[in-house]
Each structure stands twice: as C-alpha cells, then as structure tokens.
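Top line first, the protein sequences correspond to chains A and B. Start counting the first sequence at 1; every next residue gets the next number (full-length UniProt numbering). Start counting the second sequence at 1; every next residue gets the next number (full-length UniProt numbering).
Since the hints were derived computationally from the structure, they do not count as laboratory data. Treat the hints with care, as some may be off.
Said to hold, decoys possible - Derived DSSO-like pairs (lysine-lysine); straight-line CA-CA distance at most 27 Å: (1) B:K470 to B:K20; (2) B:K129 to A:K108; (3) A:K108 to B:K8; (4) B:K156 to B:K140; (5) B:K140 to B:K470; (6) A:K50 to B:K383; (7) B:K360 to A:K50; (8) B:K313 to B:K351; (9) B:K337 to B:K54; (10) A:K62 to B:K88; (11) B:K360 to B:K337; (12) B:K120 to A:K108; (13) A:K62 to B:K337; (14) B:K383 to A:K62; (15) B:K301 to B:K347; (16) B:K8 to B:K20; (17) B:K313 to A:K62; (18) A:K108 to B:K7; (19) B:K129 to B:K108; (20) A:K62 to B:K438; (21) B:K265 to B:K231; (22) B:K54 to A:K62; (23) B:K20 to A:K108; (24) A:K62 to B:K140; (25) A:K50 to B:K438.
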Amino acid sequence: MAGRGRGRGQNVSFNIEQLGFGRGEAVPVSVTQPPPLFPTLENRPLPLIKDVEYEYILVTQKDLNTRMRNSSFHLNTAIEIQEIQQIHNPSYEKELPVLWNRMPTELKKSIAKKLGIEKLKTVKSGKKKKIEDPDKIFAKLEKKEIVESEGEGMCDGKEDEDEKEKSDDEKVEVEDDIEEEIDEEMDEGTDYASNYFDNGEGYLDEDDNLDEGEAQF
Amino acid sequence: MWEARVKKALAVMIQHNLVKFEASERNNNIAEYSIIHHNVYCLLRYPKYLYMIKRIYGTSEEILLEILLNLGQASASNVIFQSANRLKEANDDSEISDPSALHQSFLKLAQDNFIIRCPKLADNASMQKVPTLVVEEKEKFTVPHLEIGPIAKLLKENATQLGEHSDSEVIWRVNHERFDVELRNVILVNAAARRVDSTAGELYHLILKLWRECSNPDSPTTNALSFNVIKDAVRKNEGSSPVLLEHFEQYLRVLYEDTSSLITKVGDAGGGQFILNYSIVFENLACATLDSIVLERFGSKALRLFRLTRIQKFMEQDQMQNIAMIPAKEAKMFTYKLLEHNFLQIKELKKGTSNFAPVKSFILFHVDLPQQVARTALEASYKGLFNAMVRQMHDLTDNKRLLDKHARLETLLESLRGEGLPEDELAYLSDSMTAAEKSLVARIHSMNDHLTLGQTQADDTILILESYLKFSSMT
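So here's chain B without its partners, still in its complex pose (with noise of 0.2 Å):
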C-alpha cells in the first residue's frame, strides 16, 4: 500500500521538475531518481517570478506562467487553453478570451527565455522501460504549430479538458535559470536606483538588456559595450524618460565612477568601453548585505571595527582600538563577540625564537569574506528561514479545526450574500463563531502572512550571498 504512494509521489515531484530519473548503468529497466535540489528551492520564488512577468511584460502572460507553474510540465496548447479559462473564471464567464492573444503571449515567454523545452522522448521510448529523453539544443525555445481553431472552439463549449491536439508531444516547462538571472538583474537595477536614482535605474536596466544581448550569462564578466551603442539604444528605446535622455551621459559617468562598480569601464575605444564585473559588484552587495547584519545585531562601533579589518586586511587589537577610536575595553568585548560568531578570524605569527621564555606571538585579526563571513551568514538565513516555514507550518495544523471552520463559514456568508438573504439573518450566522474566534483567526492570518514576508526576505539575503559565492568561486 506504500508502494503506491511512493511511486504517485515519485510521478507528482517528477511532473512538477523536482525529481529527475534516468536508467541505472547496470540495468536498462530499472530507474534512478534524484532530486534537483535548486529546482525544490526555487519553489520558494515562484510568486516572484509572476511578479517580475508581470512586470515586464502584463497579465496574460502572467496567467501563462501560473498556469505553468500549477501544471509543472505542459504541452503549449493546453497552457493555452487552462490559461482562456482561468482569464474565463476571473471575469465572471461573460467574455470568452481571444486564444490567439494568448497565443503571442506565450511566443514571447519563449523568445525571451522564460520558458523552455523539456528533453523530448527519444523514438525507442514506448518500448523502453525508463524511457530516455533527449535534449535538443537548437530547439529549446522554439514554439511548435499550434491549431487555435479547436482551443477556440474548446472554450465555446465550456470545456474543462483539452483532449488530444498536435503538439502534445512537445512539452514545456519553467526555465529557473533564466528567471535567476532576471532576479539577479533586478537586484542590481535597484541597486543602481538606490544609489543615484530611479533614472539612473532605468538606464541600467537598459544596458543590462544588452549586455545579456551580447554576452554570454554563465561568464563572470561580460562583453565589453562601448558607449555609442548604449547612446543609440537609448535614443531608440521608446520607454525611455525625457530626463534620460537629456542627461544620459552624466547618469552614465556617474554610474561608472561609483565605488559599487555597477559599470567598470575598461577602455576608451568608440567613446568608452563598459563591461560588468560579476564577481566585484557582487561582492561589494554582499559586503553590504553584511555591514547591515553586523550594524542591526551588535551596533555600530562592531560594525566600525568589522569595516576597519575588512579593508585593512590584517590588523592587530591595539591598531584596531586605536584606528577606529574606540575605548579599549569596548573594542575588546565587540572584537571577541565578533570572533564568536565567526566575522573575524585570528591568526597566530609567533616571534619568539628562544625555547625558555614564554612564546610571544602576534594575534591577528582578519575578515575571510568568502569562505567564513559569507557561509556563516547564509547558513543563519537558511536556518532562519526554516525555521519561519516551521512555525508556519505549526500555527496551521494546531490551528487547522478552527480555520476551516471559519473558511466554511466565510464560503456560506458570501454565496447567501450573493443570493440576497438579508443582512441580519447573516448576522446571526455570523455569530455562530464567537468574537474570540474571529480575532484568534485574524491573528493567526496575521502571523502566517508575517512569516510569508520573512521568508521572501530572507530570500532575497540568500540570493544575494548565494550569487556572491558562485562568482567568487568562478574567479
């Protein structure tokens, strides 16, 4: 009887590109199953990604995606058609949604990537008991024929299954990768905008554009763009601000000369050479991301000290106290706290040569920013948000009774609403669940979206020193 579950939920984690199989090396009939271990965290950014799709782009396709999402792995006609009907749902069933609209809509998720191919089944594969899947390069992203007539006349007749269609076969799915580029490039425009501001954002996320155009995404730098090509791109964009326009030279100069390095210019050819640096901007983010850690948990003469070893590389306690004007005894207590919790290092030179005096030796003190600061600090945001989806977790099913009590009644309240029963028998039904009740339940969908929040903003720490890791790593 477990066999079957298992093997459900082994098809469940499958479909939804979480579990990936393929056939053991010593017998063709048996699979091995692994876990894509990003693609289950990534579980967690799935409300980003429609926000970032409904950002760029609008609602229809955001619709696109969550229907992706929901399904895990689809062909393109049936996202098509849940999507016509979910739009269906939303506006009451009055308008039937032109699926052709749609249709462009999931064109344009695929030329930008959003969304990819999966491997296709290989010719052998209904005789095979581990099928093989094969993955064809050229045709990752390229949208097979697809018949609208029949979606169309589907959704006349109020279906809710599509049935068979031509491109059954070919299958798409969520591309996490190119979404983590985009979250990536997000984090940076608002850094460019917080930084100078929301003009010098918007030409940022220009040139962003083309770099991603020009150079390839998994190198730690990118190509080198030179200055009339970005002057030509802003002139053309159409969305670009009159203000932009105007000044973009200055909003240029000034991005490149900021000691964030969002721009590094490297040479001079066709009025300047820009290239992005990776490993550099990202590691002066996550040297942010940390002084605002060390400064909210143990104040800011700490944080004046951590900045202090950061940039002077070694430093010895009495430089330290002296340097960043500190009384002694304080500069001690923040220096050991900041030891204990792994922000600075020691490091032991000894002087003494003879072998009867006692040895005496420099203690000194250094920031190891990738190995020990970055990895200590990424680690209590995973902790921490484990911990919130625990409690989470906890507060519900404690809880479960009274709020599906109260989800059953709010269910009854608005369709007698919506049938026209007047407003004090509704009243009454209401009371059947007392005053502390209600405000229990206020107070655990308080808590519960509370800890929603702090999990999405531990993700976003995580992203950063995550993404600062990979690249110090490449260099």
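Isolated chain A (complex conformation) (with noise of 0.2 Å):
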C-alpha cells in the first residue's frame, strides 16, 4: 500500500507495454457515447446464392403465403374486418376449416356468442332450459356455422353445457356451468352498466362499432 497514488501513475500494477502500447505511443480516444445503431461495414458481405434450388424456394414461398393469406385461416384485425363489413354483407363470416371436435369446447363456443345470442343468467342447481326465440337471420348464419353438434353429444345437458339446435325456430340452450356462470355473473349480472368502468383496454382501438351505449351520463 506503500506510495498509493504518490507521484503520476508510478506503482501502476501492470505494465503498459503488456497492453500491447509502446512507450510513447498514443493511448486510444476513450469511447463517449454508445456505438452508432448501424455501424457502416468493414467488409462487404457475400452475394447470395441463387441457384435453381433457391429459385424454386422462392417460388414456393411466394405461393404458400399467398395460399395461407387467401384462406379462411387468416385471421383479420380489426381494421380489415371493418373494411369487409362495408363492402361485402355486414352479416358475413367465413367458416373456419378447423377440426372441432379435437378442441376444448371452451374455443368453440366463440362462434354461437359472436352472433349475440344472449345467455340467459343461470340459477345454481339442476338443469334449465331457456327455449328462445332468436331473428330469423341469426338462426339461419347458426345453422352454417356450429359444426360441432355430433361431437358434443346428444346428453340431456345434466352438468355439461350443450348447444344442440333443434329447429330453426327453436334455440334450446342449456347452460349448467359454474364457472361460466362466474364469468357470466362478472359481465352481465351487475346493476351497474358494464362499460362504465373503462379499463383503458380499447383506448387506442380504432374500432369504431364498439358498443357504448349504456354508460351515456
């Protein structure tokens, strides 16, 4: 510890000549700022290979994303979903080409709840049904789209939910699930409006067809 700092730099623990500096050489400018966002090359990279395999993979590129974009499996935001409604039929939905019946029916019942039939709440205990009368438009688009019938089962509904659909008149839907009921009883079973409590979730959604009707003041 003897000579600590006494005198420029004389007890220094390494020798600068091991850094690879000369005597008398000049030290590099230190570094001030962070290294530029795209430094510029040194060395040109080489060309790609184009050859006939890689010909036929760009090819095939181009064709299978044209096919996926093109097909029911793509999926469209929101934006574009709009646009279609105002140019085609606003009632119009494609049908998904998806397997159902190897899915957890959790994903199926997207399709019944986005044409607004309304869930009635249910009590807690045995079975109900709710016979309803739905427009005659929303019956017919149901009957398209719900794929699942046979999958599901033809069981009396005892602690499953079905969707069985019987006439195009008549809606019977069972409703038995506790923890549907959870989910039903947090958006529609209060007093309050259920968009007055705005979580900021649709703030930069530019959707405009979202429904505010009820929280008017």
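With the hints as a guide, dock the two chains, each given alone in a separate frame, to form the complex.
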C-alpha cells in the first residue's frame, strides 16, 4: 500500500507494454457514446446464392404465403374486418375449416357468442332450459356455422353444457357451468353498465363499432 | 369481442400444430395451452420440405404435402380430394386425375414417415371439456383403408368439399422431426459432393439411407455397416451411375480417409465396418461455417489466428504472432477484435507468488467452440433472420396500397387479354399506373425476393449450428 498514487502512475500494477502499446505511443481515445445503431460494414458480405434450388424455394414461399393469406385461416385484424363489413354483407362470416371435435369446448363457444345470442343467467342447481326465439337471420347463420353438434353429444345437459339446435325457430340452450356462470356474472349480472368502468383496454382500438350505448351519463 | 378473436386465433394455431393443449392438473375442465417452438420456427422451412419431397418423389407427392401444410391437420381422404382438385385447377380443368394414384403417393409418404398420424381422440373425449388425445405408438404411420370411389365421384361432380367419409377420425400432419433429419442428410450429402465429387455424393446418399434403416435416429452415432452390405446395396440400386458401380470402392476409401469424418471406419470385420459419428461431422461442419464467418468479417489474417488457436487449444499472444507469421501490431489488432466478438476467450494464469511485486500472469487465448463461439454465431444468425423478416414486413405494409393496385391491374389485364381485347386498349389500361410507380413496384418485389432468399440461407446456417450444438451436448 506504500506510495499509493504518489506521483503520477508510479506504482501501477500493470505494465503499459503488456497492453500492447509501446512507450510514448498514443492511447486510443476513450469512447463517450454508445456505438452507432447501423455501423458501416468494413467488408461487404458475400452475395446470396442463386441457383435452381433457391429459385424454386422463392417461388414456393410466395405461393404458400399467398395461399395462406387467402385461405379462411387468415384471421383479419380489426381494421380489415371493418373494411370487409363496409364493402360486403355485414353479417358475412367465413367458416373456419378447423377440426372442432379435437379442440377444447371453450374454444367452440366463440362462434355462437359472436352472433350475439344472449345467454341468460343460470341459477345454481339442476338443469334448466331456456327456449329462445332469435331472429331468423341469426338462426340461419348459426345453423351454417355450428359444426360440432355430433361431437358435443346429445346428452341431457346434466352437468355439462350442450348446444343443440333442433330447428330454425326453436333454440334450446342449456347452461349449467359454474365457471361460466362466474364469468357471466361479471359481465351481465350487475346493476351497473358493464362498460361504465373503462379499463383502458380499448384505448388505441380504432374499431368504431364498440357498443357505448349504455354508459352515457 | 377480443375474447372471440383470441379463441379463433387459438383454434387456428392448434389446427396448424403450433399450439398444443392439455387439461390442467387442478381442474379437468380447463385447458392449458403451450407453444410448440420448434414447429413455429419450421414454418420458415416449408418451401424446403416441398423441394425435398419433389426431388425424392415427384409432383403428386409434392402437391399432397402442400395441401397438408395448408390444412394443418387433415384426414387422408380430404388431402387426396383437395390435391386432386388442385391438380385439376393446374391443368385447367381438362382432365380429372385419378385419385388412386394420389392414394399410392400418400402411402409412400406415410411409409417413409414424412407424415404422421395425430394422436386420436380418447373414447370419452366427446364428454370432456378438454378432449384427451392418445398417442398410438404402433399405428403412427399406418394408413387406414380409404374409399376411393366416393372421392372420384365427387371429383367428377366438381364438388369443393368432401363431406362425410370413412376415415374422418384418422388425422394426419407433417412429421417435422423426419424432415429435420432429411435436411441434415442433405447437408451431409452436399458436403460429400463438394469435398470429392458428385458421384461420391451419390454413394454417400445411399450409405445414409442404409444407416437410417439400421440405426436409431436420436443417437449421436449410427450403427456399423459392413463393406459387403454397402457393396450389395450399390449393386442393387437401379439409380447408380456406371462410374459409381465401377469405382465405388475407391470412392468409399476416399470418403472414409477424408478429414471431414463423413464416414469413420471402426473395424475390419466384413471388409470394413463404417459408422457415421454425427458429433464429429457436425463439429467439422460448424468449424467450417465459423471459419468462413471469421474470414468474411475480419479477413484472412484473422482467420489464420482463429484456426491456429482452435487447433492449438491455448496460446499466448507472442506465440500466436510467431507461428502465424503475422506482424505484431496486426496480430494484436486482430486478436482483440476476435476477442471483442467472442470468437476468442481469455484465460489468465497467475504466476506471481510474492505479495509486493506486481503480479505477472500468463494470458492465454483459446477458442471455446460449443459455448461461446457457436452460440454467438447462432444468435447473430437469428438476429439477421429476424431483421430480414421485419424489414420485409415493413416494406410490404408501407407500400400495401401500391402493391394492391398493381396486383389488381395485373389480374384485370390478364383477364381482358384472355377475352381477346386488342393490345392498344390493354396498353391504355396499363398506363393507368405511371412508369415510376411500376419501377417502384419492381424494386419492392426484387427487395422482397432478396430478403426471402436471405432468410432461407440464414436458416441453413442456423440448421448447421443448431445440429452441432445438439450433438455436442449429447456426447
């Protein structure tokens, strides 16, 4: 510890030569800002290989991309849905060619919900049946789009939920699910308007069709 | 509203084997979803799959695979039906192709394990909220009995949907693991062809097939093949060129004596026992890749230093510049550049014992291949790939209007030309887009192609480095 810092750099623990600088040579300037985001390349990279294989791959990739985009698997963003609804029939919905009987049932409910069929609240016991008469348009659309009827089975809705459709005019919906009920309560069971409390989720949403009817004060 | 979209998105991803679900442990009625990372990455490799199938088999198998990739998961009859429709479209609705030929192609693909059956629904699945799917080990590749008759009938009637069919419960999907093995084999065969010549590549391809039949694909080394077995296979194979038949012993010898370890000789029984040691081969391939990266980025002197250090394991700065015969200043500059980019690592060995004198230490440089270098290069490749994709997306969305307009114009012109409209009217229509716009569109298209090619070739590097890391961690 003797001679700590006494005199300019007399007792440094390393030898300046070890770092590779000869005596008296300039030390490189210290860096004062982060490196540039797009530094200039010193060596130009090699050109891409363009042979038969890659040409084919290019064409195939473009083909696959176009097919995927045009297929019904391509789910449109909110803006695109708006555009489509303005140009085409507003109640137009393409059917998803998905194998529904291999999926969890919670994913299948989305189709019926989308068409705005109301699910009334359920009481906590036994089986209940609510028969509704939705508009004929909704009925026709739903008949086209619910695919899973054979997968769901024809059981009597004891403790499971089933969605059956018997005819165009009569809809039988049986709901008994407790978890679903908890969800429903949150959305529709209270006295207050469900969108009075804005949780900011739709802040940047440009979809103008959001239902804002209830919370006008 | 968002909820419905999320559900749809999940359903689409499950259909395409990108997301899987299983019943949660706590509550059987709730499903837990997880991403299958590898399958998402393999989306990039779909064109390569198609190219390989086209080369190995032919067009009808290629169409079957393409349809299966488009649908995600589908039953055999559905795939055959849609492929027949697609062929019909391609041939301009002239002839209706025979679905039984497609059926044969499907069988071939299943036999070679390129497509695999999805787990089937358990018996009580229709009662469950979250269906359990059961994997049947023995039946993963067996094609059930298909009824071609109804398919042919529907084709004649120009139907677009298949409707009910007998094997609708047997669902197939693409077998990514098998394709990965095949991609790796393609790399090895190309390496053999580059190293020696194309006949050697042919021979290597045959030997790879034999190895695949007799060994476990997950082990880092294959089982041993004897010379006689190889000889028989070469004689029996109809596709062998006459050069190969005549000189195959010499080719074999060249291959196994080559330093790239494409074939390793392990014994002399039966004329010679040969194996393929994946870890060594891929280490050599990875080293070659990394060498070329160093060469292109820093220059040949840096490459000399890198290779020297890699071979000698641990070296001091002075040693390096003496053996590599590079002037001191340059050697130091390159050494520190390589150090900065993680190609070299430092190890310090202290020499001093006295507590007063300044501590002298040895500074040794070494190359830490598996951990540092390969992973850094892999990260850089992923970043490059990602950048290319981001840039491509950016270009396409910025110019979406222009590209759409151009596409509409092109389709309009095509249809009018088909109806026989005279050329001057077509020229008038095509003038609705200015020359500047058209050249911009052409530039966008060429940039798009460039970026796609870049992504594909970055993927090649990624495959080599990933395989190397995988095999080196196995041993």
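For this session: For the pair supplied as a hint, B:K360 and A:K50, confirm whether the alpha-carbon distance does not exceed 27 Å.
Result: It is violated: about 54 Å lies between the C-alpha atoms, which goes past 27 Å.
Exercise. Taken at face value, is the distance from the CA of B:K337 to the CA of B:K360 at most 27 Å?
Worked result: Holds: B:K360 and B:K337 sit about 24 Å apart, inside 27 Å.
Exercise. Does A:K62 pair with B:K140 here, judged by a C-alpha cut-off of 27 Å?
Worked result: violated (32 Å)
Exercise. Regarding the pair A:K108 and B:K8, is the alpha-carbon distance no greater than 27 Å?
Worked result: Roughly 8 Å between the alpha carbons, so the hint for A:K108 and B:K8 holds.
Exercise. Holds or violated: are the alpha carbons of B:K313 and A:K62 at most 27 Å from each other?
Worked result: Roughly 46 Å separates the two Cα atoms, so the pair is violated.
For this session: With a cut-off of 27 Å on the C-alpha distance, tell me whether A:K62 and B:K337 pass.
Result: violated (40 Å)
For this session: For the pair we were handed, B:K140 and B:K470, check the Cα-Cα distance against 27 Å.
Result: holds (25 Å)
Exercise. Holds or violated: are the alpha carbons of A:K62 and B:K438 at most 27 Å from each other?
Worked result: Judged against 27 Å, a Cα distance of about 20 Å means the pair holds.
Exercise. Is B:K8 within 27 Å of B:K20, Cα to Cα?
Worked result: holds (14 Å)
Problem set entry | 27 Å limit on alpha-carbon distance, applied to hinted pair B:K470 and B:K20 | holds (24 Å)
For this session: Take the C-alpha atoms of A:K62 and B:K88, compute the straight-line distance between them, and say whether it is at most 27 Å.
Result: holds (21 Å)
For this session: Take the C-alpha atoms of B:K301 and B:K347, compute the straight-line distance between them, and say whether it is at most 27 Å.
Result: Holds: B:K301 and B:K347 sit about 22 Å apart, inside 27 Å.
Hints 4, 7, 9, 13, 17, 19 and 24 from the earlier list are contradicted by this structure; the remaining hints agree with it.
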